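Build the complex from these two chains, which are given one at a time in their own frames, with help from the hints.
Chain by chain, the residues:
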Amino acid sequence: MKKVFALVSVLLVMAMFLGACGKTPATEPPAASSDPLRIAVVSPSSVNDLAFTQSISDALKVLKAEMGDGLEYAFSENMFVVDDAAAAIRDYANKGYDIVIAHGSQYGSSLQEIAPDFPETVFAWGTTVDTFGMANVHAYEAASDQGGYVNGVMAGMLTQTKIIGVVGPIETGDAKLYVDGFVAGAKSVDPTIDVRVTYIGSFSDVALAAEAATTHIAAGADILTGSAQMVVGAIGKAEESGLYWFGTQADQNSFAPKTVVASQVYHWENILREIISLRAAGTLGGHTFTASLQNGGQVITFNPEVTISDEIKTKVEETIAGINDGSIVIPKP
Amino acid sequence: MISDLFSATVIIGIVSSGIRLATPYLFASIGEMFGQRSGVLNLGVEGQMLLGAFVAFYVTLNTQNLWLGVLAAMGVGALMGLAMAFVTVNLHATQGISGIGFYLFGMGMSNLLFQKLVGTVEGVKGFQRIAVPLLSKIPVLGEIFFNQNALVYLAFLLVPVAWFVLNKTTLGLKIRAVGENPEAADSLGVSVAGIRYLTVTMGGVFSGIAGASLSIALLNVFQQNMTAGQGFIAVALVYFGSWKPFGILGGALLFSLVNALQLWIQVLGIPIPAELAVMMPYILTILVLTLSVSKSRGPSALTKVFEREG
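Keeping their order, the protein sequence lines are chains A and B.
Each residue of the first sequence is one higher than the last, beginning at 37 in our numbering.
Each residue of the second sequence is one higher than the last, beginning at 62 in our numbering.
So here's chain B without its partners, still in its complex pose (with noise of 0.2 Å):
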């Protein structure tokens, strides 16, 4: 029972499944990582995540373009983040309560459009597995990592691409300088309103993306609410990573591997209740989270409103 785990078919499984699962939350969550870093906190990515995913959809089964899709989403994703930069830049509302405003917005709309443009759950032909060459050939490694489709490649390809634009480039230092001490960064010629449209907007762009890959690479359905709170888990991993690309890369899959492996208990009749295996992978984290959060700081000016005296 137990040691049925520990087949190469079941490890297989587990890691696969994971990668897959993670996608979404890498997509969300560095994007959000973006928006923090500069100061701003957006809980509007479930709903960001539910306007891409129909988007994506919707443009896929009308135009079988899968990129145009993605493309759709984008820009949905991006709307959806200017609005939230401008009401909380410009208009200098509560960054938590404007980003539960923006998702209820993003549900209600996604419901709304799903309504009257498909009015039924039907399927697309989403992004194909692609086996990368001679890589895929590898045993084990091989059928995990490198045969998957096109945006699950893409998400971890983000998490050091973020790491290197936040840590190597002079754009990542005034993000950093404007999330920390928005003041000095001001003082010293560094427009933080235009930084802070500029993360907002692009973890928008990027929660679309997530949204996108769910509808139309690994699921290749819309259905009304089908984040069911992917969003606001991919908030929570930007704090378990400590705001760093790859420590949410570690939260990510480590929440994405416990929820595999809880599936894999249930399907080989271990006896743990369902109930108990389900919670698994929220009770790990909020576990790693306690004994790991200590040392990290996030962002001195999260959540703070910026305004240039005199």
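Isolated chain A, as found in the complex (with noise of 0.2 Å):
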């Protein structure tokens, strides 16, 4: 019997583990034309996740357009098994790419391991703020609890229960930035509405997260939001119930148009500007970004099908310019 116990508790074991993850590898072949500028992108979930690495992945396809034959880029998603990732990183580097972007931070031991081993390449690690002293690693970060806020504000206005539920993943990073935020501008519309949060353990559990959701509307949720790519679970549980729904990462109106009020966008390509430019002016690293609402790294996306009143879109502009010119200062749980 002990070796049914061993078993099980493995598999119990390994699908914890998968619980919180994604995998795949799927990579674009570079091709060798003059010398357009190459950039590699590693991220730990899938480019149509509608969240944090379809993000990144339409950033790259913005600079594309912009740039035409003069950029070459190759994505690796899916790499949630971190020595996966690594060796990802050190293959793109190996194959000569210009930039590579380590998307997910939990890639950053194997950065600090890597960047050293190939002075000449840029590389790009987010989302975190520490570039590890290296000359050629730069930190991105977005500053998520900015857009959480504002997103906070408008279900604040909206709510009729005066109960918001939020679907978190795991109570880390970007996902706690935002929830944290977005907690903090309901209460500055009206401190007695319930922001109810939930982290249900995983980034991938579609089935838990839907679960989550009707949890929340059973227990009187009018409104709800959420961070990370298993979400699309909780907004088909909000649209069944004909409730709003506030994205982030990426824009979430096109799946349920009838549901998502707006989202909290990111523009990574901002940010990648300014990498680009940099290594152009023979700077390969230590700088730190952050994607704000002010410097357009972070936009809220409005959803054309759903109309909310004037009112709420007045108090929008002004907590966005409050947030810009400090006179809002997002408290920190």
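Read the hints as simulated data drawn from the structure, not as lab findings.
Take the hints with a grain of salt, since some may be wrong.
[As the list claims (entries may be wrong)] Derived Cβ-Cβ restraints for the label pairs, each shown as a range:
(1) A:Ala171 x B:Met340: 40 to 48 Å
(2) A:Asp127 x B:Leu337: 32 to 40 Å
(3) A:Thr343 x B:Leu165: 44 to 52 Å
(4) B:Thr70 x A:Thr228: 14 to 22 Å
(5) B:Val179 x A:Met103: 26 to 34 Å
(6) B:Thr351 x A:Asn360: 37 to 45 Å
(7) B:Thr70 x A:Pro369: 51 to 59 Å
(8) B:Thr124 x A:Val365: 51 to 59 Å
(9) A:Thr343 x B:Thr70: 42 to 50 Å
(10) B:Lys177 x A:Ala171: 35 to 43 Å
(11) B:Val179 x A:Arg309: 52 to 60 Å
(12) B:Gln189 x A:Thr228: 34 to 42 Å
(13) B:Lys186 x A:Lys100: 34 to 42 Å
If you're wondering where the values come from, they're calculated on a predicted model, not measured in any experiment.
Using N, Cα and C, we set each Cβ at its ideal position, and we do this for glycine too.
Below, the structure is given as structure tokens:
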């Protein structure tokens, strides 16, 4: 029976581990034409996750449209296993890519090991603020609490039941920042609003995210939000019940056109442009970039299909202006 | 706070969530149980579920026919099962390793097909809830048990049917004989290979439905790696349920109800850290397993290759 127990334990551990991630590498072969700039991205989930990975993929598409043949880029998605990601990062550097982007905070220690071996290559690591003091590593992050705050203000003005549900993945990094900002925003409208936060312990368990949403709805929430790629399950449940949803990371309007009021969308292309021009000027690293509402790294994108009152729109403009000029300071929990 | 857990809304919420969450586990575990009772451990359930989930979603997206989606998921599950049977029965491959291989294949293939054929996350109109006439009007119980979608009902019906097939039919007797003592079964003229092909293929069919129950019944969306380890939990539940349909039912319900409970604990703001709440179903499952497993014994020929002598 020991064997049975051991096997079951291993299975459970595997399931928990898998629950936290997504996989399978896919790369576009880089074409060796004249002398284009070559960028490679390694990212933990899929390019069409409507969230974290899609945001960087969209940014590269924007740059590609601008630069045309001047840019070649390769993308390794679903690299949730950090060792696989490290191999991919090293591989791209070996192949002579000019800029290698490690788009996942979990890739830090790998990058710390790899970057010194390729002093000519620019590495960018996000979302983080740590460049390890290395001359060829940039760090980038998103002030996602800002967009979270703005979404929270809107949600606070729209809620009738004064109960708002949040479906989070794991209480860390970008997701935690967004959720904390959202809660603060909603409370700024009316401190009595009950913002209930659930973390489901997974970035990929769509079914559990959906059940978390159903639970919020049964408990009286009339507005939902959430962060990371598994929220599509939750958005579906908001749609079924005719509730409003607030999105983050990528534009989620297209998925549920009657449900998503607005999304905080990341526009990493601004930061990438800076990295490119710094490289042209001979600076390979050492900078920390923050995508914010002020520098256009984050944009609140409204869904044209959902009408909201002018009062709310005005309040959103005021809030964004307040965050930008520093008159609104988002409290940290 | 803690007392909030005992209101009618919360109890109805927990049990009906638990029943929905248990649905994919039931399909996948019952299917896996038949394979294991005949001596084949299939660790590829997760891959079969992912491919089933994608195919069901894709067919439904294009035909708007949900049952056609389920049928397609069954078909692709059957193919995966057949391949697994071929590799383990004919080629005598190690079951554990080949199962992992099929898991990786199913995951990679579903990712690839999704990217090439669909490309972006979108929704379909999936199975709607069906209120069973009269029964759904019973207070509390009606809301919990008789207001779910068609695949939920099917999953729960499958349990007694599987019990009957396994224990009361000749086929069930043959399956058990092949799993306990294939040499003896063979000497009595039972085709060991035939039975194993049948059970492993059937397991694939049910894993396919399990995937479909996620993508077109519980969620109505496909996302890469959306099963998030449920296929492995399903294999664990077979052990947990001591290779018996009702044991599996108990395990699936326990795991799912505790999962639903931890969501409510978080929603109600009961001060337990989210990390701890999320671990509850896993910890409890391991705990119950340690306390109960000592009596049960798996099929003797499980994972053993059968070769005819002479």
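Violated constraints from the hint list, given by number and in increasing order: Numbers 6, 7, 9, 11, in rising order.
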